[in-house]
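Given chain Z's structure and the hints, the job is docking chain G onto it.
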Amino acid sequence: MAVTNWIDHLSAKEVAGAVYPGVGSEGILVLIAFVIWIGWHVIAAKQENDKLAKLAKRRPSSNAWKSNVTDG
Amino acid sequence: MTDQLGALTTIFTEFYYWVTVVLMFLIHVGFCMYEVGASRYKHHQHTLMKNTMLIPLVTVTWFLFGWWIYWAFPTGPGLAPSIMNESAALITDDSAFSAKWYVPNSDIMAVNLGDHISGVFWAAFLLFSWTAASIVSGAVIERITTFAFGILAIAIGSVFWTIDAAWGWHFDGWMLKLLGYHDAYASGVIHACAGGFALGILAVLGPRIGKFSSSGEPRNIGPRNPWLVTIGLFLIYTGFWGFYAACNIPIFDLGPEYGMEGVTYWTATNIYVTPTTLSGITFNFLMSLSGGLLAGYVVSKGDPFWTYSSGLAGVICASAGNDLYHPIQSMIIGMIGVVIAYKMHYWVERKFKIDDAVGAVAVHGYAGFAGLVICGFVLNGYPSSGYSVGAMWDGTTYAAINPLGMFIGALIMFVVLGFIPGWIIAKILHGMGKLRIPREVELAGLDYDIMEAAKDDEKSVASSS
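Residue numbers (our numbering), protein chains in the order written: chain Z, 4 to 75; chain G, 98 to 562.
If we strip away everything but chain Z, and leave its shape as in the complex, we get (with noise of 0.2 Å):
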């Protein structure tokens, strides 16, 4: 539940320590972090494989970078 008075809060017989919102909601919000862990890898996998997949295929030359320097 959210905190909406710190006075009352705070001189109850028993203080509540966790003072988020959403007390009690933890378990999905674990759910959810889990879900956007794994979900990154598996984009993130995705952009390198591309990535990567369409710079072998070009095959610049070892030097070929050398003339991608900027100036300034």
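Careful: at least some of the hints might be erroneous.
[Stated by the list, open to error] Calculated lysine to any residue pairs in the SDA-like style (CA-CA distance at most 25 Å, straight line):
# : chain 1 : residue 1 : chain 2 : residue 2
1 : Z       : 49        : G       : 156
2 : Z       : 57        : G       : 307
3 : Z       : 69        : G       : 556
[To be verified] If you anchor each label on the Cβ, the simulated ranges turn out as follows:
# : chain 1 : residue 1 : chain 2 : residue 2 : range
4 : G       : 109       : Z       : 5         : 29 to 35 Å
5 : G       : 370       : Z       : 18        : 25 to 31 Å
6 : Z       : 34        : G       : 331       : 40 to 46 Å
7 : G       : 359       : Z       : 17        : 29 to 35 Å
8 : G       : 448       : Z       : 43        : 36 to 42 Å
Simulated from the structure, these hints should not be mistaken for laboratory data.
Yeah, the Cβ is synthetic: ideal placement off N, Cα and C, and Gly gets one too.
The following block gives chain G in isolation, referenced to the frame of chain Z:
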């Protein structure tokens, strides 16, 4: 908190760990600078991104399960009973330091007015985790995929170093009880473990193209920006102050803790809750750093890259016993560690064709391993814990520090929790075709597209003006 002294002690401890976290952030900044300085121009940006992205990956997984592992695994499980509940099972009961409180949905893993310590202590350990992963990052530059590195960073940062910390860096750890293991500032639990893990990966990953001639002779691919490497290492030194402080408990009354009736003894302690002083470890940090630099300069004949790295290797080697050594002992141990690390690096490179791009296995792995072994001799007979003293293999009491136990401990850190998991996971990733970037990309440079785009941008800006 209802009394002022208790509140001051708690808030001092909270602030103390918070400061160590800020200082330790510099270790990661240093590692990033160091790695970019050591990489070649055409790989700079990807090298930086790889090391940067371990921050969120290890942090999130440390929150989700890494921290829980540390509190659950001190017993093995099944190797020695906990002193808290006398069970050898995973510690997940209602006892004070149970993993039960550190599941990610626990209400103390958040803003909680009743708990001022969990978050800062969690973060201090998290920064150790970043360091473990960052050690690995340097060794594998210029040819590993970011995907593979992310998986490996999570494995070392949120799983394997955590297990070794539970076993050998927790006041209730089974390695203290059975082996007399002592590793106050993490020669083994961070450095030997991460160094061994990096070596396991390198054995599968292979060298950078061109590192070895057709006859097998190693070629030097030196740092492209020695100044960035220098600043990076200085920042790592700086962050190490925070690392040392974070390995201590700043203020603790050992009298009641050890059950000494009527005795009050306030002191700083190491991670095992045995007494030391911040002042004393400051002597030893600086003397082992100096020993490392002195030896590194001579053994490498004044090579700046190795001299700076050797300062770090000196500290790492002496770290296992730097809570108790004399400063001159620390200096000498630091010197020995550097000679071993330097010689081993080139021997392994030639013999096994291992391309450790930044000398990470040497500086962290070999120096850390040597530091553990040396600690077993120098601190032979000292208690590994204040809670009790017993014999090796007893299990219900704590064995004294001894050479055999420390040697076995070093093997557990470097080989069992380092090399073997690193090798296995790298093999799996290699089998999936996800470990190494394509040869064409390695030759062209990971940054080829970014640089090409920047050049095109520059052209279009120039043509419009």
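For each hint, the structure was consulted:
no., hint, in the structure
1, 49(Z) / 156(G), "22 Å, holds"
2, 57(Z) / 307(G), "23 Å, holds"
3, 69(Z) / 556(G), "15 Å, holds"
4, 109(G) / 5(Z): 29 to 35 Å, "31 Å, holds"
5, 370(G) / 18(Z): 25 to 31 Å, "29 Å, holds"
6, 34(Z) / 331(G): 40 to 46 Å, "43 Å, holds"
7, 359(G) / 17(Z): 29 to 35 Å, "33 Å, holds"
8, 448(G) / 43(Z): 36 to 42 Å, "39 Å, holds"
Hint check: no violations occur; every hint is consistent with the structure.
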